[in-house]
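**Q** Residue numbers (my numbering), protein chains in the order written: chain A, 131 to 487; chain B, 131 to 487.
No lab work stands behind these hints, which were simulated from the structure alone.
Here the structure is a predicted model, which means the values were calculated and not measured.
Where hints are given, some of them may not hold.
[Stated by the list, open to error] Pair by pair, the computed Cβ-Cβ distance ranges are: (1) E252/B <-> A439/A: 28 to 34 Å; (2) A439/A <-> T304/B: 46 to 52 Å; (3) R194/A <-> G167/B: 37 to 43 Å; (4) P438/B <-> S470/A: 21 to 27 Å.
Yeah, the Cβ is synthetic: ideal placement off N, Cα and C, and Gly gets one too.
2 protein chains.
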Amino acid sequence: MSSNTYCVIMAGGIGTRFWPMSRQAKPKQFLDILGTGKSFIRSTFERFAAIVPAENFLVVTNRRYRDLVLEHIPELGPQQVLCEPIGRNTAPCIAYAAYTLRKANPDAEMIVTPADHLILNETDFHAIIRECLEFADRHDALMTVGIKPSRPDTGYGYIQKSNNDVISRVKCFTEKPDLELAQTFVQCGEFFWNAGIFIWKVSSIIEAFCRHLPEHHALFSAIMEDLGTEREEAAIEQVFSECRAISIDYGIMEKADNVYVRCGDFGWSDVGTWGSVYQLSRKDAYANAKSHDGCYTYDTRNSIISLPAGKISVIKGLKDYIVVDTDDVLMICPRSDEQSIKKYIDDVKFDKGDKYI
Amino acid sequence: MSSNTYCVIMAGGIGTRFWPMSRQAKPKQFLDILGTGKSFIRSTFERFAAIVPAENFLVVTNRRYRDLVLEHIPELGPQQVLCEPIGRNTAPCIAYAAYTLRKANPDAEMIVTPADHLILNETDFHAIIRECLEFADRHDALMTVGIKPSRPDTGYGYIQKSNNDVISRVKCFTEKPDLELAQTFVQCGEFFWNAGIFIWKVSSIIEAFCRHLPEHHALFSAIMEDLGTEREEAAIEQVFSECRAISIDYGIMEKADNVYVRCGDFGWSDVGTWGSVYQLSRKDAYANAKSHDGCYTYDTRNSIISLPAGKISVIKGLKDYIVVDTDDVLMICPRSDEQSIKKYIDDVKFDKGDKYI
Numbered sequence: 131m132s133s134n135t136y137c138v139i140m141a142g143g144i145g146t147r148f149w150p151m152s153r154q155a156k157p158k159q160f161l162d163i164l165g166t167g168k169s170f171i172r173s174t175f176e177r178f179a180a181i182v183p184a185e186n187f188l189v190v191t192n193r194r195y196r197d198l199v200l201e202h203i204p205e206l207g208p209q210q211v212l213c214e215p216i217g218r219n220t221a222p223c224i225a226y227a228a229y230t231l232r233k234a235n236p237d238a239e240m241i242v243t244p245a246d247h248l249i250l251n252e253t254d255f256h257a258i259i260r261e262c263l264e265f266a267d268r269h270d271a272l273m274t275v276g277i278k279p280s281r282p283d284t285g286y287g288y289i290q291k292s293n294n295d296v297i298s299r300v301k302c303f304t305e306k307p308d309l310e311l312a313q314t315f316v317q318c319g320e321f322f323w324n325a326g327i328f329i330w331k332v333s334s335i336i337e338a339f340c341r342h343l344p345e346h347h348a349l350f351s352a353i354m355e356d357l358g359t360e361r362e363e364a365a366i367e368q369v370f371s372e373c374r375a376i377s378i379d380y381g382i383m384e385k386a387d388n389v390y391v392r393c394g395d396f397g398w399s400d401v402g403t404w405g406s407v408y409q410l411s412r413k414d415a416y417a418n419a420k421s422h423d424g425c426y427t428y429d430t431r432n433s434i435i436s437l438p439a440g441k442i443s444v445i446k447g448l449k450d451y452i453v454v455d456t457d458d459v460l461m462i463c464p465r466s467d468e469q470s471i472k473k474y475i476d477d478v479k480f481d482k483g484d485k486y487i
Numbered sequence: 131m132s133s134n135t136y137c138v139i140m141a142g143g144i145g146t147r148f149w150p151m152s153r154q155a156k157p158k159q160f161l162d163i164l165g166t167g168k169s170f171i172r173s174t175f176e177r178f179a180a181i182v183p184a185e186n187f188l189v190v191t192n193r194r195y196r197d198l199v200l201e202h203i204p205e206l207g208p209q210q211v212l213c214e215p216i217g218r219n220t221a222p223c224i225a226y227a228a229y230t231l232r233k234a235n236p237d238a239e240m241i242v243t244p245a246d247h248l249i250l251n252e253t254d255f256h257a258i259i260r261e262c263l264e265f266a267d268r269h270d271a272l273m274t275v276g277i278k279p280s281r282p283d284t285g286y287g288y289i290q291k292s293n294n295d296v297i298s299r300v301k302c303f304t305e306k307p308d309l310e311l312a313q314t315f316v317q318c319g320e321f322f323w324n325a326g327i328f329i330w331k332v333s334s335i336i337e338a339f340c341r342h343l344p345e346h347h348a349l350f351s352a353i354m355e356d357l358g359t360e361r362e363e364a365a366i367e368q369v370f371s372e373c374r375a376i377s378i379d380y381g382i383m384e385k386a387d388n389v390y391v392r393c394g395d396f397g398w399s400d401v402g403t404w405g406s407v408y409q410l411s412r413k414d415a416y417a418n419a420k421s422h423d424g425c426y427t428y429d430t431r432n433s434i435i436s437l438p439a440g441k442i443s444v445i446k447g448l449k450d451y452i453v454v455d456t457d458d459v460l461m462i463c464p465r466s467d468e469q470s471i472k473k474y475i476d477d478v479k480f481d482k483g484d485k486y487i
């Protein structure tokens, strides 16, 4: 492990798609939705701990999740959790980490990763990350990891590579294409899903901020001397209130000319929907994905049933349903209807405020 | 109120039909399934407290429910709760109360009532009970209350009266007829549902035990001097282990020739099924019966939704369903399927023992 290699885990999301299992007080990254025995953020830490020493991790999260992060990753010291006062999308999040690392170690090389994805084949994944680190070390390159698409998913960003090299320069980014375009992308073979994993030298990404997001560069440069001091919190509060919310993809990756992609196929999923949870879960003889052995089903098929530990359920006559039970909210809805969860949340919030959100 | 008038509440049931809401540890009589704000046993006590002074109540229940009875009816002294060591159907239950009352007051007149029925029109009901008390006081009569049947229910016992007097001698009892017979009964006009409410002098019912259930008479007569002493528990333990389980209907009412019925129509229900709970509940615009205002429904109709206080639910796409959620069991099944609840209980019990029963 190189002492110049750092891992930045982006863990600020307040995902509502898994409501009522995910809640504002405990969003997806802190849950074990797939029943692996570990939360997503814990799995993410362990995955990268094979490559990066524990003291070289930073987690960027919302202020309210600081204690949860330290609870799930007790290997971290409090100074390794960077707290955002407010979510401003990925560019400010990454800037906060990058300018912090530049101050700590100007030779730092950083991996950026979401906190809440699944990777099944960690051996292949580690090999790819190591290749990317080596490449980024030798070049002034902004590296992404591309996933071989298995279906024309319209919810992802697509990366088009420009040649057949293992590590190829990126030709183009396309966010959330329509179905027809996505189908063309999958057939063509040049397009890969954007997994939101980035590898670069800190000097390279700061150079990119300087060129493509000069406002952000100015704001974060100005508070460099406050970072790591007792003035950090107030300075960050100020910067986040002033800086524009923008994604790293839109703000930098789509504009820079030194962007490279390493494509791979290592059992990746962003586990972004109940549909993907269903796909990834073990099913019983009737294709039901059950959280544990206390789910008794009769004439019930192709359904997801998730209950708190110690609770049992008896369910008859549901086909293609999602049943999620928590201590204070029960949700029963067709699997085809999961995009309505946001509406349900709105209705509950209108009546009851934030209590159940 | 006559100091000779007593009310005996039979509260020994371990009803499983409302599982998972009713549990062995807290069966139906201690629940407020209809959301009236009071348990069935509390409502039963209050209903008869208009006629009978509190010190003249006896509750016969299983030993394990003794404290629950005193909690729901704090007006009772501990000696007013008669504890059965084991359920032996209604004849031994009523004998226990009758022989206890004979010792306390040979002139006692007793009303016997189930603990878990609903009566909507209490004014009419009180008038009828008073009539019955008066009649039983003047005659050596075993009185029952008959309910004008509103449908050909095959789950009830039917009482045929022999003439058109307000209080008529009973011609015949018929337990749980088949549908065709039940339809004939309803059309005929001479048949009434047996509500399981009885009124008689203690001397009359003991005379009837002597004649029709001589074994039971012998067993209970033999322990008369133990009743009300510290030897009562052991004596009752012995009697209940020896005496035959038999209902009062089958053991006495169908055989005696001094049985009378007072028919009435006062909004009675035994609230014996989820179907009857649904009928009796307030429904929303889509005919859903909801336990409280935290039940959010979408494209959901004709369903019963019962949640613990403080819990909310979001339910989409259920028609004619029962959703019952408790702290440790969730049940979702079609309303047409409620007779399967016993099977569900068996399956859960087979796996998990009594924990969830």
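**Q** Hint by hint, where does the structure go against what was stated? Just the numbers, ascending.
**A** 1
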